[in-house]
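Start from chain V and add chain X according to the hints.
Chains V and X are the protein sequences, given in the same order.
Going left to right, the first sequence walks through residues 1 to 181 as the numbering used here numbers them.
Going left to right, the second sequence walks through residues 1 to 440 as the numbering used here numbers them.
Wrong hints could be hidden among the right ones.
Label pairs and their computed distance ranges (CB to CB) [stated by the list, open to error]:
(1) X:272 / V:58: 36 to 46 Å
(2) X:218 / V:4: 50 to 60 Å
(3) X:178 / V:3: 19 to 29 Å
(4) X:178 / V:5: 48 to 58 Å
(5) X:114 / V:58: 48 to 58 Å
(6) X:270 / V:125: 36 to 46 Å
(7) V:66 / X:11: 15 to 25 Å
(8) X:15 / V:12: 12 to 22 Å
(9) V:125 / X:275: 46 to 56 Å
(10) V:16 / X:275: 27 to 37 Å
(11) V:66 / X:275: 37 to 47 Å
(12) X:114 / V:44: 51 to 61 Å
(13) X:7 / V:66: 22 to 32 Å
Here are the simulated DMTMM-like cross-link-like pairs (lysine to aspartate or glutamate), alpha carbons at most 20 Å apart as the crow flies [what the hints assert, rightly or not]:
(14) X:432 / V:157
(15) X:432 / V:96
(16) X:378 / X:305
(17) X:318 / X:305
(18) V:42 / V:9
(19) X:139 / X:199
Treat the hints as calculated values from the structure; they're not laboratory data.
All residues carry an ideal CB built from backbone N, CA and C; glycine is no exception.
One-letter residues, chain by chain:
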Amino acid sequence: MTSAEEFIEFAATVSPRLRRTAFLLCGDWHIAEDLAQTTLAKVFGSWRRISRQDAADAYATRTLVNTYLADRRRKRVAEVLTDTLPERPAEAQAPELRMVVLGALATLPPRARAVVVLRYWADMSVEQVAALLGCSPGNVKSQSARALDKLRPLLGDVAAAPGSPGRPGIQQSETRRTGHG
Amino acid sequence: MDEPWLSELLERAAAGEPPIGPVARNSLRAGIRRRRRRRMQGGAACAAGVAVICAAVLAVTGASGTPAATGTIPQTVYVLSANGTVTPIATATNTPGEPIAAGRAPQFMALTPNGQTLYVAGGDDTVTPIATATNTPGKPIKVGQDPGQILVTPDGQTAYVAGYSGVTPISTATNTPEKPITGAGLGGEGAQVMAITPDGKTLYVVSGDTVIPFSTATNTPGKPIKVADQVNSPSPDEIIITPDGSTLYVFSVNGNDNDNGIITPVSTATNTPGQPIPVVAYPGFAMAMTPDGNTLYVVARNRQDVVPLSTATNTPGKPINVASAAYDIAVTPDGQTAYVASECPTLPSRSLRFSCTGPPGEVTPISTATNTPGTPVKVSSGNLLKVIGGFYSFAITPDGKTIYIISGNGSTVTPITTATNTPGQPVNVAGKAQSIVITP
Numbered sequence: 001m002t003s004a005e006e007f008i009e010f011a012a013t014v015s016p017r018l019r020r021t022a023f024l025l026c027g028d029w030h031i032a033e034d035l036a037q038t039t040l041a042k043v044f045g046s047w048r049r050i051s052r053q054d055a056a057d058a059y060a061t062r063t064l065v066n067t068y069l070a071d072r073r074r075k076r077v078a079e080v081l082t083d084t085l086p087e088r089p090a091e092a093q094a095p096e097l098r099m100v101v102l103g104a105l106a107t108l109p110p111r112a113r114a115v116v117v118l119r120y121w122a123d124m125s126v127e128q129v130a131a132l133l134g135c136s137p138g139n140v141k142s143q144s145a146r147a148l149d150k151l152r153p154l155l156g157d158v159a160a161a162p163g164s165p166g167r168p169g170i171q172q173s174e175t176r177r178t179g180h181g
Numbered sequence: 001m002d003e004p005w006l007s008e009l010l011e012r013a014a015a016g017e018p019p020i021g022p023v024a025r026n027s028l029r030a031g032i033r034r035r036r037r038r039r040m041q042g043g044a045a046c047a048a049g050v051a052v053i054c055a056a057v058l059a060v061t062g063a064s065g066t067p068a069a070t071g072t073i074p075q076t077v078y079v080l081s082a083n084g085t086v087t088p089i090a091t092a093t094n095t096p097g098e099p100i101a102a103g104r105a106p107q108f109m110a111l112t113p114n115g116q117t118l119y120v121a122g123g124d125d126t127v128t129p130i131a132t133a134t135n136t137p138g139k140p141i142k143v144g145q146d147p148g149q150i151l152v153t154p155d156g157q158t159a160y161v162a163g164y165s166g167v168t169p170i171s172t173a174t175n176t177p178e179k180p181i182t183g184a185g186l187g188g189e190g191a192q193v194m195a196i197t198p199d200g201k202t203l204y205v206v207s208g209d210t211v212i213p214f215s216t217a218t219n220t221p222g223k224p225i226k227v228a229d230q231v232n233s234p235s236p237d238e239i240i241i242t243p244d245g246s247t248l249y250v251f252s253v254n255g256n257d258n259d260n261g262i263i264t265p266v267s268t269a270t271n272t273p274g275q276p277i278p279v280v281a282y283p284g285f286a287m288a289m290t291p292d293g294n295t296l297y298v299v300a301r302n303r304q305d306v307v308p309l310s311t312a313t314n315t316p317g318k319p320i321n322v323a324s325a326a327y328d329i330a331v332t333p334d335g336q337t338a339y340v341a342s343e344c345p346t347l348p349s350r351s352l353r354f355s356c357t358g359p360p361g362e363v364t365p366i367s368t369a370t371n372t373p374g375t376p377v378k379v380s381s382g383n384l385l386k387v388i389g390g391f392y393s394f395a396i397t398p399d400g401k402t403i404y405i406i407s408g409n410g411s412t413v414t415p416i417t418t419a420t421n422t423p424g425q426p427v428n429v430a431g432k433a434q435s436i437v438i439t440p
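This is chain V alone, in the form it adopts within the complex (with noise of 0.2 Å):
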């Protein structure tokens, strides 16, 4: 196999994975495949270099992430909170919940938007994000405790509804402490 065609069964495998770390980061379905496909150019660009490191994937996710962040901090993408979301095609999902979660989401700043993605969805753990952020750990748990804070209430009628794993509250919270007595 060439690297060509290595790459392309890598962007393959990790583009759908990449879109909707991008949508959660930024809302959007168009500039998620824009921030994607920006992403998969760069990694392009590195591809000889990262794909005998066997980083491939987790220099896609950071590339992703730090792309998000210099976009957010030019102001590129001029996201706008509203009832209505963007043009897209019918829903097979429950288009409110997508609303109240992308609502919840963009009342975080940039970097801590990116902490709870990261964390909740990505499957992370605080070391990984704290290299990726390139912070401290302790700065992400925090960042994270901030954020949850502030999601709770936010997004506890939706997490309440039937179908739901369990409400955010303070019992969530409790959670982190066994192990701790």
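Just chain X now, with coordinates in the frame of chain V:
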């Protein structure tokens, strides 16, 4: 630290994406066009919105641009909601006024000491000044990215806005922003919590893992203060300054042990940290100090305790037990009572750490002389609104006679008479209430 409810919500929100475009380049071009279109639409809508607000301001203030109504402003409670409105409530009648539009997704607000202007920081990187005499919003003031807490100097001349891109000073006389203060690590994800010395000369800003002092005279940052053990890498979450201005208390989460917090006393004369004080409190985001500066109360949130800390000896006292999980605290102006807002989990707690048997929400008075709790005042749920510094889930009138607390899951504000500790009729507010302040 699993949060399965959040993971599932994110999973559901990210599902059902549209199909990938047939040719990547074409869809990228389409994306750029779409974004340009949206940006233009947004810009036009924004300009139209500003015009409406300007027209409204002109209509009220007259051509001179000065407020039409001055003199005594009736005491008002302002309630900031997540939907971008501020609801004024006249304390004389406890009736809500017309909601005031205050920018998109606002999170923080602050009053000038004379109560004439309310500043509201919005998610659209602006701060909206509201003239309390007329309850009309002024022209939004452009500040740095992701504005956080707002703090007005004791002389009322400058409003400092913390944010992702540094701290932006706003001249309150002209409502114009000055050059943002950056450098020394200011800005970034952590720059949200601030405190100012009573003489107004030094502003302390939490940024990342440090506290940065800066002179308000020159707006230049000083040497960052490392507040606790670097190995544990705690991030400061709340800071409070003694009324005499001598000591800054910084609450940090212990990076290695989420169950505990650390309070670092910092001498404001030398800006050097003292011996860290461990407290069993996490997240201990709420602190309050008695007006005499003798006692610092730390809410051990998600527990049923409040920890009193003697500032003379910097030792924590015996935790004061309240009936349910505490989340915010304030001390009356006469210093005699500390009121603690708390809330019971609505579902059975998974943890055996405490069993909550009380009502959904309550406010417990604590005698500061004896540090003993009184009979809790029952209110409907406050919904754990205290998040970080700058959010106020309840406020006490300057005469200490009434507490206004966000209740009814953010849909109402309940007045409580402190003389009898009895709740009054809840007042409806627009949207979902987040923070509350009261004019002098």
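Checked hints:
Distance hint check for residue 272 of chain X and residue 58 of chain V: the Cβ-Cβ separation is about 41 Å, which falls inside the suggested range of 36 to 46 Å. At roughly 57 Å, the beta carbons of residue 218 of chain X and residue 4 of chain V sit within the given window of 50 to 60 Å. Under the hint 19 to 29 Å, the C-beta atoms of residue 178 of chain X and residue 3 of chain V, about 53 Å apart, miss the expected range. Take residue 178 of chain X and residue 5 of chain V: their Cβ atoms lie about 56 Å apart, and the range 48 to 58 Å holds.
The hinted range of 48 to 58 Å is satisfied by residue 114 of chain X and residue 58 of chain V, whose Cβ atoms lie roughly 54 Å apart. Evaluation of the 36 to 46 Å hint for residue 270 of chain X and residue 125 of chain V yields a pass: the beta carbon distance comes to about 39 Å. The supplied range of 15 to 25 Å is met by residue 66 of chain V and residue 11 of chain X, whose beta-carbon atoms lie about 24 Å from each other. About 19 Å separates the C-beta atoms of residue 15 of chain X and residue 12 of chain V, a value consistent with the hinted range of 12 to 22 Å.
Roughly 32 Å separates the CB atoms of residue 125 of chain V and residue 275 of chain X, a value that falls outside the hinted 46 to 56 Å. The beta-carbon spacing between residue 16 of chain V and residue 275 of chain X, approximately 53 Å, falls outside the hinted interval of 27 to 37 Å. A hinted range of 37 to 47 Å holds for the C-beta pair residue 66 of chain V and residue 275 of chain X, which are about 39 Å apart. One distance hint, 51 to 61 Å for the beta-carbon pair residue 114 of chain X and residue 44 of chain V, holds here, with the actual separation near 60 Å.
Judged by the Cβ atoms, the range 22 to 32 Å given for residue 7 of chain X and residue 66 of chain V holds: they are separated by roughly 23 Å. Our distance criterion of 20 Å between C-alpha atoms is met by residue 432 of chain X and residue 157 of chain V, whose separation comes to about 13 Å. For the suggested pair residue 432 of chain X and residue 96 of chain V, the alpha carbons sit about 17 Å apart, so the restraint of at most 20 Å is met. Distance check on the hinted pair: residue 378 of chain X and residue 305 of chain X sit about 18 Å apart at the alpha-carbon level, within 20 Å; holds.
A C-alpha spacing of about 9 Å is found between residue 318 of chain X and residue 305 of chain X, which places the hinted pair at or below 20 Å, so the restraint holds. For a cut-off of 20 Å, the pair hint linking residue 42 of chain V to residue 9 of chain V stands: about 16 Å separates their Cα positions. Note on residue 139 of chain X and residue 199 of chain X: the hinted pairing is violated, with a Cα-Cα distance of about 30 Å set against a maximum of 20 Å.
Violated hints, in rising order: 3, 9, 10 and 19; the structure is consistent with all others.
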